[in-house]
Amino acid sequence: RSNLNTKIAENPGTPTANIIQSALKVGNLIELADNLFKNLSGGQQKRVQIIAALLKNPNLIFLDEPTNHLDIQTVEWLEEFLLQIAEQGFSLFGFKSNEEESEPVAYVIISHDRALLDTLVNKILEVEQGEAKKYEGNYEKYNQLKLEYLLVKEKTRSKLENTLRREIEWLRRGAK
Numbered sequence: 001r002s003n004l005n006t007k008i009a010e011n012p013g014t015p016t017a018n019i020i021q022s023a024l025k026v027g028n029l030i031e032l033a034d035n036l037f038k039n040l041s042g043g044q045q046k047r048v049q050i051i052a053a054l055l056k057n058p059n060l061i062f063l064d065e066p067t068n069h070l071d072i073q074t075v076e077w078l079e080e081f082l083l084q085i086a087e088q089g090f091s092l093f094g095f096k097s098n099e100e101e102s103e104p105v106a107y108v109i110i111s112h113d114r115a116l117l118d119t120l121v122n123k124i125l126e127v128e129q130g131e132a133k134k135y136e137g138n139y140e141k142y143n144q145l146k147l148e149y150l151l152v153k154e155k156t157r158s159k160l161e162n163t164l165r166r167e168i169e170w171l172r173r174g175a176k
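Take 1 as the starting number for the sequence shown in the numbering used here and just add one per residue.
Hint data in this document are derived by calculation from the structure and do not stem from the laboratory.
Hints may be right or wrong, so weigh each one.
With a Cα cut of at most 27 Å, we get these calculated DSS-like pairs of lysine-lysine [stated by the list, open to error]:
| hint | residue 1 | residue 2 |
| --- | --- | --- |
| 1 | Lys159 | Lys123 |
| 2 | Lys133 | Lys146 |
| 3 | Lys123 | Lys146 |
| 4 | Lys153 | Lys133 |
| 5 | Lys56 | Lys38 |
Okay, the calculated beta carbon distance ranges per label pair [unchecked claim]:
| hint | residue 1 | residue 2 | range |
| --- | --- | --- | --- |
| 6 | Asp64 | Lys155 | 34 to 44 Å |
| 7 | Glu128 | Tyr107 | 17 to 27 Å |
| 8 | Glu169 | Glu65 | 26 to 36 Å |
| 9 | Arg166 | Glu76 | 50 to 60 Å |
Glycine is no exception: its CB is placed at the ideal position from the N, C-alpha and C atoms.
Input sequences plus hints: build the corresponding full structure.
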């Protein structure tokens, strides 16, 4: 039976009371700090789990379908939170960096949530039929670039088919 302070502090090497308070604030959970974890909504529990995992201060965050089964408020919070992490790094929690500039925090998102991808990503790696292709930009830009790529691919295929057709006709007529 643990309240949020205890749940967040369970992480190895975790933080001081100030960092725990910062984490609760970032998660919009301060007013729920004394509640038992099991009594929180699913979205609130997910916030605590995400924040607790990030207090380990990783350089790379993998998110597999992060918005599945989340309520609207938690999805909005997650988008804003990930933008803040990308901009501010873990100084958001009050971690002090010995370096002048803190290391950037990167994340990899696997998602079907197009709105999330449009908001958060600046590169998309598409894996299709065993081939990977990288696109620069958000989801909207990806759609534009993908369409352009498919149009060029179709024109190239069409030209090759026409050339092949003409060559076969030439062969059938016989060389003169």
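Do the hints match the structure? See the list:
For the hint linking Lys159 to Lys123, the alpha-carbon distance of about 31 Å lies beyond 27 Å, and the restraint is violated. In summary, the hint linking Lys133 to Lys146 is supported, as the alpha carbons are separated by about 10 Å, within the 27 Å threshold. Taking the CA atoms of Lys123 and Lys146, the gap is near 13 Å; set against the 27 Å cutoff, the hint holds. Taken as a hint, the Lys153 and Lys133 pair is honoured in the structure, with Cα atoms around 14 Å apart against an allowance of 27 Å.
Proximity of Lys56 to Lys38 is assessed by CA-CA distance (about 22 Å); at most 27 Å being required, the pair is judged to hold. A beta carbon spacing of about 36 Å between Asp64 and Lys155 agrees with the range 34 to 44 Å that was offered as a hint. Distance hint check: the CB atoms of Glu128 and Tyr107 are about 22 Å apart, consistent with the given range 17 to 27 Å. Against the hinted window of 26 to 36 Å, the Cβ-Cβ separation of Glu169 and Glu65 comes to about 52 Å, which falls outside the hint.
Checked against the hint of 50 to 60 Å, the pair Arg166 and Glu76 passes, with Cβ atoms roughly 58 Å apart.
Hint check: violations occur at hints 1 and 8; the rest are consistent with the structure.
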